[in-house]
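Our numbering numbers the first residue of the sequence shown as 1 and each following residue consecutively.
Calculated from the structure, these hints are not laboratory results.
Predicted, not measured: the structure shown is a model, and the values here were computed from it.
Hints should not be assumed to be uniformly reliable.
Result set (BS3-like, lysine-lysine): computed pairs, CA atoms no more than 30 Å apart in a straight line [stated by the list, open to error]:
#1 305 with 160
#2 212 with 160
#3 304 with 160
#4 305 with 212
#5 212 with 304
Pairwise CB distance ranges, derived in the manner of DEER restraints [claimed, not checked]:
#6 103 with 373: 54 to 64 Å
#7 23 with 201: 24 to 34 Å
#8 464 with 358: 11 to 21 Å
#9 319 with 198: 25 to 35 Å
#10 373 with 24: 45 to 55 Å
#11 61 with 126: 25 to 35 Å
#12 173 with 464: 54 to 64 Å
#13 160 with 278: 21 to 31 Å
Yeah, the Cβ is synthetic: ideal placement off N, Cα and C, and Gly gets one too.
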Amino acid sequence: MRPTYHFSVPDNWKNDPQRPIYIDGEYHYYYLYNGDYLQGGSGTAWRHATTTDHVSFRDRGVAIPKFTNDNGDCWSGCLVIDQQNTSGYGENAVIALVTQAPQGRQGQYLWYSTDGGLTFQPGGTAPVLPNPDVQDFRDPKVIWDTDRGRWFMINAEGQKLGFYTSSNLRSWQRVGEFVRTDLGLLECPDLFRITADDGTSHWVLGTSANGKGRGLPATYAYWTGDFNGATFAPDQAEPEWLDYGYDFYGAVTYPHHDSSGAEDATLRRALGWANFWDYPHNTPTLATDEYNGDDMIVRDIRLKKGNGSYYLVSVPTAGLDRYVKHSHRLGDVAVTGTHDLEVSSLAYDLTCELVWDAATAPSNVGLEICRAAGGGRHVAAGVLLHGSFAYLNRNSTINPSGGESQTPIDPSTGRLSLRILVDRTSVEMFIGDGRVVHSHRVFPLEGDTGIRLYADKGTAIFRALTINEFEAVP
Numbered sequence: 001m002r003p004t005y006h007f008s009v010p011d012n013w014k015n016d017p018q019r020p021i022y023i024d025g026e027y028h029y030y031y032l033y034n035g036d037y038l039q040g041g042s043g044t045a046w047r048h049a050t051t052t053d054h055v056s057f058r059d060r061g062v063a064i065p066k067f068t069n070d071n072g073d074c075w076s077g078c079l080v081i082d083q084q085n086t087s088g089y090g091e092n093a094v095i096a097l098v099t100q101a102p103q104g105r106q107g108q109y110l111w112y113s114t115d116g117g118l119t120f121q122p123g124g125t126a127p128v129l130p131n132p133d134v135q136d137f138r139d140p141k142v143i144w145d146t147d148r149g150r151w152f153m154i155n156a157e158g159q160k161l162g163f164y165t166s167s168n169l170r171s172w173q174r175v176g177e178f179v180r181t182d183l184g185l186l187e188c189p190d191l192f193r194i195t196a197d198d199g200t201s202h203w204v205l206g207t208s209a210n211g212k213g214r215g216l217p218a219t220y221a222y223w224t225g226d227f228n229g230a231t232f233a234p235d236q237a238e239p240e241w242l243d244y245g246y247d248f249y250g251a252v253t254y255p256h257h258d259s260s261g262a263e264d265a266t267l268r269r270a271l272g273w274a275n276f277w278d279y280p281h282n283t284p285t286l287a288t289d290e291y292n293g294d295d296m297i298v299r300d301i302r303l304k305k306g307n308g309s310y311y312l313v314s315v316p317t318a319g320l321d322r323y324v325k326h327s328h329r330l331g332d333v334a335v336t337g338t339h340d341l342e343v344s345s346l347a348y349d350l351t352c353e354l355v356w357d358a359a360t361a362p363s364n365v366g367l368e369i370c371r372a373a374g375g376g377r378h379v380a381a382g383v384l385l386h387g388s389f390a391y392l393n394r395n396s397t398i399n400p401s402g403g404e405s406q407t408p409i410d411p412s413t414g415r416l417s418l419r420i421l422v423d424r425t426s427v428e429m430f431i432g433d434g435r436v437v438h439s440h441r442v443f444p445l446e447g448d449t450g451i452r453l454y455a456d457k458g459t460a461i462f463r464a465l466t467i468n469e470f471e472a473v474p
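From just these sequences and the hints, can you work out the full model?
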């Protein structure tokens, strides 16, 4: 059941991704890894992989072993390249700020690498940011604040994000905070500047949050706004969400670099863990492949202006196109009732525009994907026009917990673009311009490869229906 074109851990366990960094033409990706998971062992190390196209990853082994010293195992954090040797470990040393919790007391510790991020050494045994006697104090995310010529850190502290500055990565001063008491426990924060499609530059603050108590997602929440080096002022109180499904947690974003190595201010990428803490160990891949840990597809994200506000839009990363092994261009398919396609696959990228007559709209339009021959098992993706929402429903297939994620749509437009990625352990549905994405963890059986189109109580056209099948990505 190992996915065909999504990243998966070679063995045992993975969870949180760490923000990739760019060195000598490659992106270096680290993630939390437990090599003793199948034997019931605890704790996580940082495992390392590299990529040039954000689809195919080369495993580089463990970069920071767990339980190396008395500070315990290594949790989430971040990496930076210390180009100016502010920390004293050498020009262009790779510095990792990592949460460790000796005796259960979470703090931020510095590790350094002088071999390009292949191996790391602890920069002493004392925390560079000690715990001020709070329960949750973790997941540091550091950026270089170009405007003020210093390092800036965001730290997850329960229902707030603490803000800190430093000149050397080894000593930190608290300068502010961002508080949200209505989004559960905040984790894995993020901060970046990005240039929008209208040429204006904006700051984005993100964090993994749990909005289930308010009927909101539990994925990556973000705000656009103003950052002055010590505070962040959001443009609006309510967050946007990078994903409205169930399984896009601990996500990170990272910049794109052009052929010269320079950062492209208009493009970032996003990478999220294909799981959630409500059911982290509930996966049949343990029995079939002896591992537990996948990521959702890397996304290319941009900032777009629409209706007076700015928001992020996502598409599957462009490098995915090079792994298409067969393309089925089915054209415009009109459906009244149901229509079963001859194409069947476990790993593909499906695109179409749903079109209907708003005056005589059908009640429900969509696709059954990951469909068993008898139809009893499937994932439903579509739009309930009488309810004015799009949905991704995994209730009728093997999955961790069931459920249907929903987002509003306007049926009066008479059209909606969909792009759906299907792989052996996931379904991701990109809607419209990519402002809305639903990502679900699912486990279809080997024969659950069918695709059925449906339009209930009316007719719809699946315009420019295309299905690209993928070869196995190394």
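So, going through the hints one by one against the coordinates:
{"no.": "1", "hint": "305 with 160", "result": "holds (28 Å)"}
{"no.": "2", "hint": "212 with 160", "result": "holds (18 Å)"}
{"no.": "3", "hint": "304 with 160", "result": "holds (27 Å)"}
{"no.": "4", "hint": "305 with 212", "result": "holds (28 Å)"}
{"no.": "5", "hint": "212 with 304", "result": "holds (27 Å)"}
{"no.": "6", "hint": "103 with 373: 54 to 64 Å", "result": "holds (56 Å)"}
{"no.": "7", "hint": "23 with 201: 24 to 34 Å", "result": "holds (26 Å)"}
{"no.": "8", "hint": "464 with 358: 11 to 21 Å", "result": "holds (20 Å)"}
{"no.": "9", "hint": "319 with 198: 25 to 35 Å", "result": "holds (27 Å)"}
{"no.": "10", "hint": "373 with 24: 45 to 55 Å", "result": "holds (50 Å)"}
{"no.": "11", "hint": "61 with 126: 25 to 35 Å", "result": "holds (28 Å)"}
{"no.": "12", "hint": "173 with 464: 54 to 64 Å", "result": "holds (55 Å)"}
{"no.": "13", "hint": "160 with 278: 21 to 31 Å", "result": "holds (23 Å)"}
Consistency with the previously given hints is maintained throughout, with no hint failing.
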